[in-house]
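A.B. asks: Next come the chains, spelled out residue by residue.
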Amino acid sequence: MNFFLQLVISGFALGMVYALVTMGFVLIFKCSKAFNIAQGHFVMIGGYLGFTFLVTFHLPIWAALLAAIAVAIVMGMTIERLALRPLVGQPILAVIMMTIALATILEGLATLIWGGEYKAYHGVLPTITIQFGELSVPPEMTIGLLVSIATVIILVLLFRYTKSGLAMRATAEDEQVVQSAGIKVTTVYALSWVIAAVVGVIAGILLGGISGVMIPMSEVGLKALAVALFGGMDSIGGAILAGIILGVAENVAAGYLDPLLPAGGGLANVLPFIVIIIVLVFRPHGLFGLADIERI
Amino acid sequence: MALPSGTFNQSYAQDMAIFRTKTQWAMLLAFLAFLFTFPLYSSDRILTIITIMGIAIISVHGLSILTGYCNQVSLGHVGFMAVGGYTSAILTANLGWPFWAALPCAALMAGVVGIIFGLPSLKVKGFYLIVSTVAAYFIIIWLVLQLVDLTGGADGMAVPRPAIGSFVIKSKASYFYLVMILACLATFVAKNIVRTRVGRAFIAIRDNEKAAEVMGINLWTYKLLAFFIGCVFAGVAGALTVHYVAFACVDQFPFMNSVWYLGMLIVGGMGSTTGVLFGVVSLKLLDELVTIVGPMLAVAVSPQAASSLGLILRGLVIVVFLIFEPRGLAHRWEMVKAYYRLWPYSH
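If you read the protein sequences in the order shown, they are chains A and B.
Residue numbers 1 to 296, in the numbering used here, belong to the letters of the first sequence in order.
Residue numbers 1 to 347, in the numbering used here, belong to the letters of the second sequence in order.
A portion of the hints provided could be inaccurate.
[To be verified] Here are a few chain B residues that face chain A, going by a calculated C-beta distance under 10 angstroms:
#	residue
1	V73
2	A136
3	I312
4	V319
[Said to hold, decoys possible] Computed cross-link-like contacts, SDA-like style, restricted to lysine to any residue with a CA-CA straight-line distance of at most 20 angstroms:
#	chain 1	residue 1	chain 2	residue 2
5	B	K123	A	R283
6	B	K125	A	K119
7	B	K125	A	F288
8	A	K119	B	P303
If you are wondering where the hints come from, they were derived from the structure by calculation, not from laboratory data.
Note that the Cβ used here is the ideal one computed from N, Cα and C, for glycine as well.
Chain A on its own, in the form it takes in the complex (with noise of 0.2 angstroms):
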C-alpha cells in the first residue's frame, strides 16, 4: 500500500509539470487553432537555459527563473512574429509542419550553444522536504511541484481577472467579434505563443533540476500532446486535471507492470500513446473538451 502511494505522490508531482507543460500547448490552440508541436522543445530549451544561469552565472533560482522567462518572451514574440503569422488561414498542416520545422530548428540552435551534451545540475534547485507520516514528496520534486502549482494558479487569475485575459478568452470564442470590438487578435496570438513559450521554460527548468537536461528531453512535448487530447483541446482546467491523471497513471503502470513485461518494459514512455488512441476512438472531444457538432 505504501509503495501505491508513494507512486502516487511522486506521480502526481510528474503531472504537476505535465500539466503546466500542457498549458502553453492548450492555451495557443484555444487562441489560434494551430498546434504546436514545438512545445517540448521550448521546455528543452528551458532545462539547457536553467542550466545556463543555475550553473554558469551561478544566479539564485528566483533570479534564473526571471531570466529565462525574458529570454522566452522574445522566443515566443520572434516565433509568432516571423514564422506564425505569415500562416494565418493556411490550411492545418501547413501550420504543423511549420512548428515542427520550428522544433528542429530549435533542437540546432540548442545542439549549437550547448553542444547537445547531457547537463546535469541536481541539488541546484532547493530541495523542501514534506512528510506525511512514512510516505514523502521526493524532495527534488517538491520545489517543481510548489512552482507549477503558482504558475497555474498566476495563469488562471490573468484568464479571470485581467484584460489581455479578457481578450484572450474572447478570441477563443469568436475571433470576427473580438476583431469588430475593437481587439487586435495579432497581439493576443503574440500574448498566447509568449505564454506557452514561458510556461515551457519554467517546466524545463524544474524538470531539468529532477533529471537533468538533454536534447530528448524534448519528447515530453509529445506527452503533453496526450494530456492536451486527454483532457479536452481547449479546456485548461481539462489539462491540468489529466496532466495529473496521467502523470499518476504512469508512474503506477510503470511500478506494477515494468517488472513484468520482457525487454524491461518502458511502459511509462508508450502509456499516453494508447492512451492517445483510447480516447480518439471512445471519447475524440476528451474529458471536457468541447464536443464538435458538425452539420451539413
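Given the structure of chain A, go ahead and fit chain B onto it with the hints provided.
C.D. replies: Below, chain B alone, put in the same frame as chain A:
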C-alpha cells in the same frame, strides 16, 4: 495536360496517355537508359545515395497518396515501414522464405496494420488524426522492442541478403537495380492509382469530405483504402531498407524520418507524383551537402556548428517553402514548362 502547339487529342487513348508525344517518349527512354546504365560509370558512394533516394521515393509515394491526395496526414509512416521491414526480416531470417515471397507479405502486413491504425480516421480528422498516427508509430516500435524472441529487441537481427533463384543480390550495383526497378514501378503505379476511380474518390475526399459523402463516396471504404495503399508502399520501402544493410533494428526507423517524408512532400508539392520525386531528391541532396560541408565547418568554426547545421538547414528549408512556395517545386516546374511551351508569346 497542356499539349505543345499543333498537337491535338483525337481519341480517348490519346487523351489518357501519360506520355503523349514522341519527344516525351524519347526523353523517358533516354532517362531510363541513363538510369539503368548508371552503375557502369559511377562510384559506389553515389550509387548508395541514389539507392537510398529510391527507397525514400517508394515510401513517399505511399505518403503522397495518403496525405497529398486523400488528406489523411500521417506522421507515423516510418512505423509502417518498420512493420514491413520486420515482417520481411522475420520471414526470411527465421522461417527461411525467399525474398521475392517475403516482399509482398511485408507489403500486405504493413497495409493491414495501416488499416488498423487508420480506424480513428473515421471519427477524427486534422490534428487528432496526426496525433493518432504519432501514437501508432510509438506503439509499433514499442511492440517491436518487446517481442524479443521474434525481433531481437533492441539488439536487432541479422537478415539474409535477398536472392532471386540462385542469384544473390549482394553488390551495390545489383541492389541499385532492384531498388530502381521497384521505384520506377512504384512511380508508375502511384501515378496511375490517382487517375483511376479510386484516386478521384481520394481527391474528392481531400477537397470536401461532406460533399464527397453526399456524392456517394463511402468514406469508410475509401479512407481505409488510402491507408492500406499508402502503407503497402511503406512496407515495400521498409523491407528494402532492412535487406539493404542485411540487418534490422529499430534505429533504422527513427521518428523524425516520418517528419522529413512530410517535409519532402511539402518541398516537392502536395498532390503531385512528380512532386514526390522533386521533394525526395532535393532534400536528400541537401543532406549530402550537409555531410560534405559539415566536416569543413567543424574544422573552420566548431564541431557543434557542424552537428547543428543539418537540423537548422532542414528546418529552414521547410519554413521557407511553407511561407514562400506552399505549392512546392512541382508547381515551379509546371511554370517553367509553361514558359518554354509558350515562348516567345507568353500570353
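A.B. asks: Regarding the pair K123/B and R283/A, is the alpha-carbon distance no greater than 20 angstroms?
C.D. replies: 10 angstroms, holds
A.B. asks: Was the hint right that I312/B lines chain A, CB cutoff 10 angstroms?
C.D. replies: With a minimum Cβ separation of about 4 angstroms from chain A (threshold 10 angstroms), the hint on I312/B holds.
A.B. asks: Given the proposed pairing of K119/A with P303/B, does the C-alpha separation stay at or below 20 angstroms?
C.D. replies: Holds - the C-alpha atoms of P303/B and K119/A are around 18 angstroms apart, at most 20 angstroms.
A.B. asks: Keeping to a limit of 20 angstroms between CA atoms, is the pair of K125/B and F288/A held or broken?
C.D. replies: 19 angstroms, holds
A.B. asks: Holds or violated: K125/B and K119/A, Cα atoms, limit 20 angstroms.
C.D. replies: 39 angstroms, violated
A.B. asks: Identify whether the interface hint at A136/B stands, where standing means a beta carbon of chain A within less than 10 angstroms of its own.
C.D. replies: A136/B check passes; min Cβ-Cβ to chain A is 8 angstroms, inside 10 angstroms.
A.B. asks: Holds or violated: the hint that V73/B contacts chain A, with Cβ atoms closer than 10 angstroms.
C.D. replies: Hint on V73/B: holds, closest Cβ of chain A at ~5 angstroms, below 10 angstroms.
A.B. asks: Please check whether V319/B passes as an interface residue: C-beta within 10 angstroms of a C-beta belonging to chain A.
C.D. replies: Result: holds, 5 angstroms to nearest chain A Cβ.
The structure does not agree with numbered hint 6 stated previously, though it agrees with all others.
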